[in-house]
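Protein chains: 2
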Amino acid sequence: MEQTLNRSYVHGYDPVESGRLDDQARTLEELLHHDTRYPDGSRVLEAGCGTGAQTTILARRSPGALKTAVDIAADSIAEARQRLGLLGSEGVRFDRADCARLPYADSCFDHVFVCFMLEHLSRPGDVLLELRRVLKPGGSLTVIEGDHGSFYCYPQTPASEKVVRCLIDLQAAGGGDALIGRRLYPLLVRAHFEDLRVTPRVVYVDPSRPEWEQGFSRHTFIAMVAGVEQDAIGQGMIDAATWRQGIDDLAATIGRGTFHYTFFKATGRKSDP
Amino acid sequence: MEQTLNRSYVHGYDPVESGRLDDQARTLEELLHHDTRYPDGSRVLEAGCGTGAQTTILARRSPGALKTAVDIAADSIAEARQRLGLLGSEGVRFDRADCARLPYADSCFDHVFVCFMLEHLSRPGDVLLELRRVLKPGGSLTVIEGDHGSFYCYPQTPASEKVVRCLIDLQAAGGGDALIGRRLYPLLVRAHFEDLRVTPRVVYVDPSRPEWEQGFSRHTFIAMVAGVEQDAIGQGMIDAATWRQGIDDLAATIGRGTFHYTFFKATGRKSDP
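Chains Y and C are the protein sequences, given in the same order. Numbering follows my numbering, in which position 247 of the first sequence is assigned residue number 1508; successive positions increment by one, without gaps. Numbering follows my numbering, in which position 192 of the second sequence is assigned residue number 1453; successive positions increment by one, without gaps.
Because the hints were derived from the structure by calculation, they are not lab data. Treat the hints with caution; some may be incorrect.
Claimed, not checked - Pulled a few chain C residues facing chain Y out of the computed Cβ check, cut under 8 Å:
1. Cys1369
2. Gly1410
3. Tyr1446
4. Arg1451
5. His1453
6. Leu1457
7. Asp1467
8. Ala1513
9. Ile1515
Here a beta-carbon is modelled for each residue, glycine too, at the ideal position from N, C-alpha and C.
I would like the entire structure built from these sequences, with the hints used as guidance.
Shown next, in the form of structure tokens:
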């Protein structure tokens, strides 16, 4: 979901539009991040920072923490660095690195933070073990992921089910897992984290919540689905007419129906030696 | 979901078992009912009380309210009356009545309460209009319903998806709607209720929550699915081997996977004249 959460930042040209998108981003930020704040001076690793959408939130919420953000893609790192610079958040160190083989010594971070990364990995368990390695004993891991299989809506149609299914299947074809939210607990058990706590973060949208209809249904979820149109049609998963119908049907829930999605936030601890 | 919530009460022979089931019922009760309490002396109608599973909760949580419970089935009313009597809750009047044609004057109740009833109706909107008729202006309606389409689990298999689908299809074949939770907001709009507020009540289960694994996953949800085995196989929706596999796969999530279900609670008000 990284790419579409980014939209809220990328699309900030017009000051009015920018303010509205900021409000939307902040609504979701509150749901996902309100209970994460790292102490001043603590060493925090953000693994898989992408273009920095979550890094800006981390920087704003934990201004005194010593933050390191890594990503495997050099161009993402460059964009993230520029974004943080524009926001005047200078206190983040960026490193290009593979999260399965981090260039850091054992036990050198107090906390590790991961948001919308594991969904893209074919072997998330290996990365979790590596994150545990660089975490000091007693340190914490926080993971936030979505689960596209948690989506449903009213009215729901065969076409709207199908376009969402395409998104899930494309992620699977690319080696990822768009249904990873439901797997966080067993994944963290297998990676030997302790004191696990997983909480669902539920987005429920109906016409009494117009800011969520626009901010989440339209500009986050439907925009994300719409973004894979060419891939889905190109790979023969769906025909163009059904695709258009599915996107229209999703949009038709706004103003009269309901929209449902669940994120998951997991925390765990590396046991003391 | 009425039938399986009832299990917690029906299966209360052995005192140890009874205590455990009471704990389970209370966990779910807290999630669904914690924010419903009616003032002393207010006139409350429970529409579709069935065998009284929710009536006992209503009676316990609003002991001073003047409660009337109605159901269309005479034998359910008899069982509900007996259950309430055994619990020493005498302050409930029971009437046998069709909720689409209630034997009450306009505007004679302060509050109306509905739990796990609309899912069974082919025309829930008509019943909501009738409930509005007997509600006094300014009075409140509270509706609690599940949504079986909100269910997912990990690991999830084709067979486990199929047995849950059978439950949904059987309810549809009987004229009901097991996906009604997502529809509450538009239904209440169409029935002219105002000040609507719908909140999801999310059950998230993983091995760190063994009381939910037993109380919800095993003894509520899986038990409810298992209860329609004969109908599903008899109507040719599924073969016996796939059925068994599906139930086994659902049970296999316990102790290692995750289980997800969402109830919905809606409140609305009849506008002042």
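Now the hints, each set against the structure:
1. Cys1369: 29 Å, violated
2. Gly1410: Hint holds; Gly1410 (chain C) Cβ to chain Y Cβ min 5 Å, cut 8 Å.
3. Tyr1446: This interface hint holds because 4 Å falls under the 8 Å limit.
4. Arg1451: Cβ of Arg1451 (chain C) sits 10 Å from chain Y, so the hint is violated.
5. His1453: 15 Å, violated
6. Leu1457: OK, holds: Leu1457 (chain C) within 8 Å of chain Y, min 6 Å.
7. Asp1467: Holds. Min distance 4 Å.
8. Ala1513: Not OK, violated: Ala1513 (chain C) not within 8 Å of chain Y, min 12 Å.
9. Ile1515: 12 Å, violated
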